[in-house]
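Student: Listed here are the chains, written in short residue letters.
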Amino acid sequence: MRFQIERRVEPSSFMRFAAPVYATFSTLVVGSIMFALLGHNPADTLFAFFITPLMTINGISEWLLKASPLILIGCGLAIGFRANVWNIGAEGQLVIGAVCASGVGLFYPDPESALLLPLMVIAGMAGGMAWAAIPAFLRARMNTNEILVTLMMTYIATLLLSLLVHGPWRDPDGYNYPQTALLPDAALFELFDPMYRLNTSIFITIVAVFAMWFFTERSFFGYKMSVGGAAPLAARYAGFKQSGSIWMGLLISGGVAGIAGMAEAAGPLGQLSAQISPGYGFAAIIVAFIGRLHAVGIVLGGLLLSLLYLGGEAVQLSLGLPSALTSIFQGMLLFFLLASDFLIFYRFTPFPKPIKSGVT
Amino acid sequence: MDLFIAIFTGTIIAATPLIFAALGELVVEKSGVLNLGIEGMMLVGAAVGVWVSYAGLPMPLAIMSAAAAGALASLLFGVLALTFLTNQYAAGLSLAIFGTGVSAFIGKGFGSAPLDALIPLEIPFLTEIPVIGPLFFNYDPLVYFSFIMFGLISWFLYKTKAGLVVRTIGESPESSHAIGYPVIKIRYLAVMFGGAMAGLGGAYLSLAYTPLWVENMTAGKGWISLALVVFAAWRPARVLFGAWLFGSMTIFQLQGQALGISLPSEVLSSLPYIATIVVLVIISRNWQFLALNFPTSLAKPFRPAE
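Chains as they are written, first to last, in our numbering: chain Z, 1 to 360; chain A, 1 to 306.
Rather than coming from a laboratory, the hints here were simulated on the basis of the structure. Predicted model only: the values in this text are computed from it and were never measured. Do not take every clue at face value.
What the hints assert, rightly or not - Derived coverage of chain Z by chain A (criterion: at least 3 residues anywhere in the stretch with Cβ under 8 Å from a Cβ of chain A; other residues may be distant):
#	stretch
1	146 to 157
2	160 to 168
3	280 to 291
4	329 to 341
What the hints assert, rightly or not - Simulated pairs of lysine-lysine, DSS-like, Cα-Cα distance not exceeding 30 Å:
#	chain 1	residue 1	chain 2	residue 2
5	Z	241	A	300
6	A	300	Z	224
7	A	185	A	161
8	A	159	A	185
9	A	300	A	185
10	A	300	A	161
Glycine included, C-beta positions come from ideal geometry on N, C-alpha and C.
Please take these sequences and the hints and turn them into a complete structure.
Tutor: If you want it as structure tokens, here you go:
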């Protein structure tokens, strides 16, 4: 039987939710084939990749710890993406947030002050916002493509971080490692349990998810931004200014990325180092897409991508597979998701039988 | 004089991967498709080139494999963007992420064993001329090849009928389809050509410029190539000038000491990125100038009517 592709009369809302499931499933299938080609039993490897890491309390703690920045940044990015504002440089904003927050943590005159941690959150957010404000200004005023500018700013941010931790901020007692001194205790988020690394910064993420839901689903400005993204001409006709969306989309996503960077330095790392993030800013782009730019979806997407990080580390340790598998899985997931999206607007139908002559 | 020669040749060499990648992307964009995945395709090309070279196969084969790998990688984008009508920004981004992962995967076991690098060509008589020889006739074959490709692409786009068809499709896929041109097929070919060129650019980095495999060795050159196409306002000759401009920026890293600059290396390394932003700002302000050669249907999904 032959099939033809037919445009659906209306986009399928079922497929809108089924597509991420299809994508995950396809990724697992292709992943199994890949494992088999590498000479590993696919079932065992998938188990080691996706299940074993979650079988201990420490595993769960690490899972949530890594999901937190992904979800936080994903929420911010989704607000921009809804308005067709493409902030691809969350990684750079994360780095600058971490740098600014660590600067406060290291040099604030009273290292035991209860104000220290809140000040660092503000510094991290301000840093991320400032870094995102440059592409926002250039896009809103100078019509400069924000994709390229945010990316270039990411490379510059990474170099700035490297300059600081190799130079003026390097810990004099740190055996020449590119990292700063440890942050004082008052500059760190409290742990839930001293045995595990999960810390209270996760509450920031939870608040952000609710705020994001409210902003996109219930606020007028969020509505204006979505209209601007989905139907630019309608938005213009209604008098919604595009520059407002650009500023809002970039500043929000930059701010939360900055907080995420701050939470890395003031959380699991406890200091500023050259390797502040394993690519959370880029992975969060996938989180936002997998989550359909919706708050609930982003939470699920963040948990999935976090599991990919854990799984990559786990099979590297247990089976000696390269950790690059994580980014391959990330890329594949996004590929299959985008391909599955086709099914929202199109469907496969059996090819119609040729009509007998005479019937016109 | 020696310093001048070092700066001049250094600029030409640093510009070569950008010329390959940006000229390829120019053809893709002229056909109305925006592939943001250059960074990923360059990395795949770079890794595959080294892989084939380590396997002991001759250099031309390594270079061709890199180009083929780039074209193959571009197909992933092509299927998403052209067949599944995905948002081209998202499709390109996923190729960039995927390509980075795949290249890291391929290059995992390479270590830093010495590599048979592509060496400068000795041209009888010409290379020996003082000053002129080292300035113009002391490059590896791929540098000359990049100039040949520049000539071929300029000729193809503006002097042949096929080139006109590509540009027409970039302007109005609907009309081209109505006239009877296979829009999707031609766009696929353009995307694959762009992929092959990005693969060549990557191979140049890993086989001639560095020459070594380092994870993420493109360091944004794919993205800079994208900016170059905008900077060039979609004209091949301006791609060349733009690439030299960016090439000259990287010279400060290599020749900073000789030039008497005592800034930290990070500051010098950030120059190409800062220059990219500055150049984009200057060029984007003048929308009318850009619009002259802008492919009207760029990044808009097209599906022929049934």
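Student: Each hint should be assessed against the structure and marked as holding or not.
Tutor: Going down the list of hints, with the structure as the test:
no., hint, in the structure
1, 146 to 157, "holds (count 8)"
2, 160 to 168, "holds (count 5)"
3, 280 to 291, "holds (count 4)"
4, 329 to 341, "holds (count 9)"
5, 241/Z - 300/A, "holds (23 Å)"
6, 300/A - 224/Z, "holds (23 Å)"
7, 185/A - 161/A, "holds (16 Å)"
8, 159/A - 185/A, "holds (21 Å)"
9, 300/A - 185/A, "holds (16 Å)"
10, 300/A - 161/A, "holds (24 Å)"
Checked against the numbered hints given earlier, the structure satisfies every one of them.
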